[in-house]
Amino acid sequence: MSAMAPASGRPGYFGAFGGRYVPETLVFALDELERAWAAAWSDPEFHAELDALLADYVGRPSPLTHAPRLSAEAGVDIWLKREDLNHTGAHKINNTLGQVLLALRMGKRRIIAETGAGQHGVATATACARFGLECVVFMGTEDTRRQALNVYRMRLLGAEVVEVDSGTRTLKDATNEAIRDWVTRVETTHYVIGSVVGPHPYPTIVRELQSVIGREARAQSLERWNDLPDAAIACVGGGSNAIGLFHSFLDDPVELYGVEAAGEGLDRRHAATLSRGRPGVLHGARSYLLQDEHGQVRGAHSIAAGLDYPGVGPEHSALKDSGRVTYLAVDDAEALDAFHRTSELEGIIPAVESAHAIAALLRRPPLLPEGARTIVCLSGRGDKDVQSVAALEGASEAR
Amino acid sequence: MSHAASSRGNLRRLMDARAGGRKLLVPFLTAGYPDRKTCAEALAGLADAGADAIELGVPFSDPLADGPVIAAASELAIAGGTSIEDAFDLAAGYVRAGADRPPLVLFTYLNPAASLGPDRLAEACADAGFAAALVADLPYDEDPAVAAALARRGLPLIRLAAPTTPAERLAELARGAEGFVYLIARTGTTGAGAGTDARVAEQVAVIRANTDLPVVVGFGIGDTESARRAARLADGVVVGSAFVERLGRDGPAAAVGWMRTLRDALDRPVSV
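Here the protein sequences come in this chain order: F and W.
Residue 23 in the numbering used here sits at position 23 of the first sequence, and the numbers go up by one each step.
Residue 95 in the numbering used here sits at position 95 of the second sequence, and the numbers go up by one each step.
Calculated directly from the structure, the hints in this document are not laboratory data.
Built from N, CA and C at the ideal position, the CB exists for glycine as well.
Hints are supplied without guarantee of correctness; some may be wrong.
So these bits of chain F aren't anywhere near chain W, every CB distance computed over 10 Å [unchecked claim]:
id, residue
1, PHE46
2, HIS87
3, ALA148
According to the in silico footprint, chain W covers these stretches of chain F (three or more CB under 8 Å from chain W) [to be verified]:
id, segment
4, 15 to 21
5, 169 to 180
6, 281 to 293
7, 300 to 306
Partial pick of chain W residues on the chain F-facing surface, computed with a CB cut under 7 Å [stated by the list, open to error]:
id, residue
8, ASP62
9, SER83
10, THR189
Kindly generate the complete structure, drawing on both the sequences and the hints.
This is the structure we're talking about:
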């Protein structure tokens with residue numbers, strides 16, 4: 001087995017990963033997007049507009065909250081970067097507002113998006129409502145079932161939710177349908193990808209828009225401790241909250257950990273792409289991928305819909321191979337335990353996705369030395385998960 | 001090896017056919033759909049139904065350029081255990097039965113091909129007797145490894161052009177093309193839906209200004225009328241979803257019979 005790997009150093013590549021592996025029909029749109037992004041990102045007016053929205057509409061900067069009781073339990077000094085307190089309850093809004101501003105500059109008034117847990121769909125619908133744009137969100141039927149509340153929220157915000165009943169009926173196939181829609185209506189539509197995945201320039205655009213997380217966290221560290229943290233940790237599905245947190249610390253002596261979903265266990269159904277996948281091409285980029293020996297993409301599994309994806313952002317693949325970030329995987333049961341303990345010990349109900357990052361710190365033997373000052377990206381709030389966790393636990397208690 | 005050599009040479013037949021005033025007919029079918037035996041029968045039938053070349057599709061779990069018909073065919077073929085290796089087996093069987101049959105083009109997404117690696121992909125294509133390969137999600141300028149490996153085996157990587165490809169890019173695409181150029185008739189996925197004749201004509205003009213190779217038009221060609229219309233704008237047509245749908249529903253004999261009606265329609269003189 002040898003994956004085809006072009007020479008690194010080309011634009012749009014992170015080492016051997018990334019690129020734009022799409023039908024020819026989309027190439028002009030990616031070129032157009034790259035140009036529009038370069039112009040916007042170097043334009044102070046764009047930043048002024050985005051920063052104002054992040055401050056007044058989203059509520060940034062998000063606090064860095066000490067978690068004393070969870071720290072005592074974990075044996076490390078835990079500080080939560082509170083993306084759960086953003087408007088719409090997750091980090092996703094950082095990206096969608098930026099991309100919708102970009103779409104307005106490109107004159108595209110129809111927006112599409114894929115969503116897994118529904119957080120990106122809600123954040124996209126929110127940005128579209130704010131700017132009066134048409135919004136269509138693709139979501140697998142497995143996810144519309146387990147995240148029914150978010151489906152209603154999107155519709156309330158005026159978005160059309162298209163239920164995708166093909167393939168795995170989760171994020172992977174929702175993304176396929178979004179790309180099919182984009183191929184069909186590319187001349188009038190902007191596709192707001194929700195993570196650091198997809199063809200170039202998306203992984204870079206989404207990273208830059210999410211890097212506000214790490215920029216703030218770094219500044220908050222220096223302000224609070226006059227020092228950097230010892231470690232930073234975040235969950236990884238596609239990996240946007242993790243890249244957003246990590247990017248400001250890449251050149252610092254800060255240990256970085258990405259936590260994937262081990263689902264039912266690494267030898268059963270899981271979503272631990274970096275731990276168990278091998279390089280391949282899905283949704284327009286070369287990256288690690290869960291696939292069989294013939295190159296068919298495997299269905300992923302995680303209790304967290306937002307991590308239930310067989311691919312991962314190409315920059316994470318490069319960070320894994322370079323060794324700068326350590327990736328590990330936490331299973332459904334560990335994540336559920338962390339979901340409960342964070343709620344009980346800190347009065348904060350985390351998204352089941354974010355609970356994976358916390359769970360890695362609760363493990364024995366410990367991941368980090370006693371007292372290590374650790375920033376955890378609390379990427380979203382857990383309200384969306386309450387119903388499905390209750391149903392899951394009700395069912396197992398009834399047995 | 002001799003099979004492979006003759007099959008490769010066969011792609012030149014497209015030029016000869018065009019020179020003789022014939023409109024090219026290129027059916028597409030998914031390997032292993034509805035099952036491998038039926039697929040082999042359909043391939044054999046198409047060889048005698050007036051096809052000028054045949055695209056054999058590798059089923060992929062995430063066929064994002066495909067509409068519902070071919071996506072469903074892929075899913076069923078994969079469920080039946082078909083992989084890229086079966087596409088090679090089907091091709092080898094087809095070529096063995098008659099070395100001067102219409103040339104076969106391997107149609108795949110990148111991941112099943114990348115899973116083999118470029119050299120094994122090229123070697124397997126050549127050994128099976130494919131005359132060329134086409135990768136649906138690999139723009140011509142993205143990653144030279146596949147084209148280079150195929151070239152070492154004497155096989156062209158067919159280039160796809162889109163209605164949205166800007167003129168300058170289209171010219172470059174055409175200048176470096178080999179075998180033939182596949183022009184997508186409209187924005188969208190494979191299957192039903194009409195393109196804009198004006199846009200197709202514009203793109204064909206740019207391609208022709210930059211290459212002598214035949215230009216075939218695909219996507220959304222589902223009946224004799226649309227086939228004749230598209231063929232008037234270019235050198236021929238690719239017919240995929242409409243054939244795959246009939247193959248699944250009516251069986252190989254009926255589907256091949258229908259393809260013959262397209263052949264007849266393309267051969268009828270243009271009415272005034």
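How the hints compare with the structure:
no.: 1; hint: PHE46; result: holds, 25 Å
no.: 2; hint: HIS87; result: holds, 32 Å
no.: 3; hint: ALA148; result: holds, 26 Å
no.: 4; hint: 15 to 21; result: holds (count 3)
no.: 5; hint: 169 to 180; result: holds (count 5)
no.: 6; hint: 281 to 293; result: holds (count 8)
no.: 7; hint: 300 to 306; result: violated (count 0)
no.: 8; hint: ASP62; result: holds, 5 Å
no.: 9; hint: SER83; result: holds, 4 Å
no.: 10; hint: THR189; result: holds, 5 Å
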